[in-house]
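> Please model the entire structure based on the sequences and the hints provided.
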Amino acid sequence: MHLIVTCCNRSSARAGRFTRHAVVAAALACVSLATPASAFASLGGTPESVDADRLRSQGSLVAIVRTEAFTRHELRTATGTTIREYVSPGGTVFAVTWQGPWLPDLRQVLGSYFDEYERAVRTRTRRTRGVVQIAEPNFVVVTSGHQRSFSGRAFVPSLAPAGVRAEALR
Amino acid sequence: MMLRAFIAAALFAQAVTPRCDASNTASTNFQDIVVNAGPANNYINGAFTTVTVCVPGQSTCQTIDGVLVDTGSTGVRILANRLAGLALSPQTDASGGTMAECAQFADGFTWGPVVTADVRLGGEQASGIAIQSIGASAFSVPADCANTGTEEDTLTALGANGVLGVGPFAEDCGPACTFAGASNPGIYYTCRSGICTATTQALARQVQHPVRKFATDNNGVSIQLPSIAAGGAATVSGMIRFGIGTQGNNGLGSATVLTLDPAGNFTTIYAGQSYGSSYIDSGSNGIFFLDAATTSLPMCRVNTDFYCPLVPQTFAATNQGINGATSPVTFTVVSVDTLSNTINASSGVAGPNPGSFDWGLAFFYGRTVFTAIEGQSTPGGTGPYFAY
Chain A
1 MHLIVTCCNR SSARAGRFTR HAVVAAALAC VSLATPASAF ASLGGTPESV DADRLRSQGS
61 LVAIVRTEAF TRHELRTATG TTIREYVSPG GTVFAVTWQG PWLPDLRQVL GSYFDEYERA
121 VRTRTRRTRG VVQIAEPNFV VVTSGHQRSF SGRAFVPSLA PAGVRAEALR
Chain B
1 MMLRAFIAAA LFAQAVTPRC DASNTASTNF QDIVVNAGPA NNYINGAFTT VTVCVPGQST
61 CQTIDGVLVD TGSTGVRILA NRLAGLALSP QTDASGGTMA ECAQFADGFT WGPVVTADVR
121 LGGEQASGIA IQSIGASAFS VPADCANTGT EEDTLTALGA NGVLGVGPFA EDCGPACTFA
181 GASNPGIYYT CRSGICTATT QALARQVQHP VRKFATDNNG VSIQLPSIAA GGAATVSGMI
241 RFGIGTQGNN GLGSATVLTL DPAGNFTTIY AGQSYGSSYI DSGSNGIFFL DAATTSLPMC
301 RVNTDFYCPL VPQTFAATNQ GINGATSPVT FTVVSVDTLS NTINASSGVA GPNPGSFDWG
361 LAFFYGRTVF TAIEGQSTPG GTGPYFAY
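Protein chains in written order, with the working numbering: chain A, 1 to 170; chain B, 1 to 388.
Honestly, the hints are just simulated from the structure, not real lab data.
All residues carry an ideal CB built from backbone N, CA and C; glycine is no exception.
Don't take each hint at face value.
[To be verified] The following label-pair restraints were derived from C-beta to C-beta distances:
id : chain 1 : residue 1 : chain 2 : residue 2 : range
1  : B       : R301      : A       : P89       : 31 to 37 Å
2  : A       : P157      : B       : D32       : 45 to 51 Å
3  : A       : S112      : B       : A180      : 58 to 64 Å
Below, the structure written as structure tokens:
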């Protein structure tokens, strides 16, 4: 599966933010060659979507760590934020964490859950600031930090391998 | 009341009298803050104050209340409709594009043009600085910006008429925004015909820490709130002072100076573990720390951002600066769901924050908390640091 990581070379990583649409278009073409059904989303998606994240953030894959319960793909975006994506043995991204000076593209890393996240943020009972904790029945996300230092974690319990808790993911 | 009348008179005198030599005329270096439900009537533990924004060099001003005091960000941001009637010039770039900003916060973003204004706080003024006009309708939110979270460009969404960012950084973005290429985080945009694209922004043109641009008292701020009863309070009055050790009323005293890493963080030690991305943020409602599994605190059912212990739980931790200085803290967590809606201030508000401690406004009650600006010298050393 991880061969896909090498499909597009990393020369695009320095191509410049301001031509990103062209870079992403090229990246999409490339990914789709390798994976016809490539999902351009991360949480709830396939391992291929991890690579879509890398390309969209013009980052690099810095580590793949395998445990008995899951495989962790660690990306570093060009802006210096670390994104870790947790893939179940069944091949689904069940959790994503991020930490760094700038927020990641949350629509990209949360995928189909982004709209649910945004709706939940807007409908909280009392105004909170600084930290947001969303606990939907099938989707848990916490984001925190301040200017120049952000972190967060999104977790889909129903997709997680048995025995893996959100708290164990960093 | 007498004191307030005196302060009002002093402020008025400051506003209309041409400034004398700053070396022998002390400025009024403080103003009131208040913890209440805020202008949107939906806040708990929000500290609000008043900011006066003026057309540069003129006496045409707008005074905006309900502005959140935030040590977790840098710069003045005001809802565009609160600036209506003030002819503030938008900042433009070399090619004539209008500059706008997507300012990132943990819970969302503010979007709007960068404008140039004089900002008055207490008796002091930051002249001709860049501020953000939030949600000005001429510019629609670019997709890159919208994808970072939830838009906070209305009173309801922001919960405030603006944000007074008085954190440890001199500018909101810093060096990262000055570089072209993929490393640029895409905070500043240039707009033409309603289309905005990310661009670079020099430090001096970024949204500035207003206090750093004062003529005096420009090395930091302190925020003082009184202790409050365990059951909380509807309203709490406090003070923000400008400058650290620059006048008789803003000395560090016995406060411990905790210097910060380049990200603006120090370390909190709890139960033998060190959490290195910890910080003090008056713009956070509560003390957000660790998670339910680590703290054994249940989450609230209604206010799902917060912890809700069945009975109040007390915790002890130690904050440690990059300089090695340490300062112990104890705090008690209460159930936010059981706080009445008339309670807008409580030292027991807390919630999760995996892997770190965010010492939010709940931490400020009964303390004076100093925030020194990066690169500025103070009697406690050069900023950035927090001290309390």
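> Which of the numbered hints above does this structure break?
Per hint list: single violation, 3.
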